[in-house]
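Hints in hand, dock the two standalone chains.
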Amino acid sequence: GAGVSQTPSNKVTEKGKYVELRCDPISGHTALYWYRQSLGQGPEFLIYFQGTGAADDSGLPNDRFFAVRPEGSVSTLKIQRTERGDSAMYLCASSLRGRGSVYNEQFFGPGTRLTVL
Amino acid sequence: AQSVAQPEDQVNVAEGNPLTVKCTYSVSGNPYLFWYVQYPNRGLQFLLKYITGDNLVKGSYGFEAEFNKSQTSFHLKKPSALVSDSALYFCWVQGGKLIFGQGTELSVKP
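Here the protein sequences come in this chain order: A and B. 1 is the number of the first residue of the first sequence in the working numbering; add one for each residue after it. 118 is the number of the first residue of the second sequence in the working numbering; add one for each residue after it.
Excised from the complex, chain B in its bound form (with noise of 0.2 Å):
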């Protein structure tokens, strides 16, 4: 079964240091990953996609991701932390199926 996990509900970061967070997936065949970010009460916005290529993707507000075939993962990052990061996201794939994880709560503090 395909199934998508973000293991971490929140993940809390001080200003200016760098970010992770981790997205797993289990599908068939090569997927298409995605990332999204929900502010509150806005639609979700993406972010980055990976469909072939460069493992090592850019997106918007200096974000990146990582896709690592073996591990199955497609975490995202970013160098250096900001207040306004502050919201909820999403992975996604787009495998024979549209799946979402869970979200994971980011929180900046100053």
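Chain A extracted, bound-state conformation (with noise of 0.2 Å):
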């Protein structure tokens, strides 16, 4: 596809379950990256992928926030026992290049809103 897309769009589940967001990213871009925005606030940094690897975690909130990205394409941004407060817009980005390189524009997928009831 042309741009960053990122399944489902919406996804409504109860406190404690498990959810799983998918993030598929423009062909070719090494770096990945996903971000929280909660309504009228910013996006909120969470993860880094260069690659196959995490290059910084250290936006995840907490243990119960997960990704993976195993064959340096597609990720998946993972969730346990999810809460209330985990309800937000969760948005995806690549860029072909990843921090420290000038080709590092990121482009953003739609986003997924995940609302916790």
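For the record, the hints were derived by calculation from the structure and aren't laboratory data. Note that the structure is predicted; figures quoted are calculated from it, not measured. All C-beta atoms, glycine included, are put in the ideal place defined by N, C-alpha and C. A couple of the hints might just be wrong.
As the list claims (entries may be wrong) - Ranges of calculated distance between the beta carbons of each label pair, as one might list FRET restraints:
| # | chain 1 | residue 1 | chain 2 | residue 2 | range |
| --- | --- | --- | --- | --- | --- |
| 1 | B | S187 | A | Y18 | 34 to 40 Å |
| 2 | A | G72 | B | P135 | 40 to 46 Å |
| 3 | A | R64 | B | V200 | 41 to 47 Å |
As the list claims (entries may be wrong) - Output of the computed footprint for chain A on chain B, the stretches with three or more beta carbons under 8 Å from beta carbons of chain A:
| # | segment |
| --- | --- |
| 4 | 173-181 |
| 5 | 187-197 |
Set out below in structure tokens:
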């Protein structure tokens, strides 16, 4: 595809359940990022992958959050034992190269809106 | 600690007038600076970036931004606003961390 895609576009779950959010980056982009955006706020960095490895996971709020990118392309953000406070828009972005490179502008997907009841 | 500030939650401008959306930052080292725009029900879109070189950078849709190292600012500007420019604008800094500002809602009235 031409852009970053995210599925599902909306996810409603119950407190305590497990959810997975998927991101398909632009083909050839080596860097992939996850952000969380609450209403009225700017995106908050969660994790950054360079290839298959998590180069920076300092933004993950706690150990209920985990993300993988096993083949260096698609990534999945996993949230265990969801809480109402996890409700937010989860954004994925990819860039041709990672941090420190001049080819680092990020292209964002439309997001997954997660609602925890 | 690193931070990005967009001091105005909202900016109101009449169509045809110049617009400025302000951003100041505090990071260690030489940051990469970006502006992104978010239209309703659409993803964030890249507008422009400053890496090095000329302090005035030009981007998409007629926008430009001026990097001012002494004032640690990176204000977004456009000489003549359009109604279609109405959206949420985010300043973004890549230093040791990736930090977005809180956003400024730009409203351009006919």
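Taking the hints in turn, this is what the structure says about them:
Checked against the hint of 34 to 40 Å, the pair B:S187 and A:Y18 fails, with Cβ atoms roughly 50 Å apart. For the hinted restraint 40 to 46 Å between A:G72 and B:P135, the CB-CB distance of approximately 45 Å keeps it satisfied. Look at A:R64 against B:V200: about 43 Å separates their beta carbons, and that is inside 41 to 47 Å. Counting residues of the segment 173-181 of chain B whose CB lies closer than 8 Å to any CB of chain A gives 0, which falls below the minimum of 3, so the coverage claim is violated.
Counting residues of the segment 187-197 of chain B whose CB lies closer than 8 Å to any CB of chain A gives 0, so the stated coverage by that chain is violated, three being the minimum.
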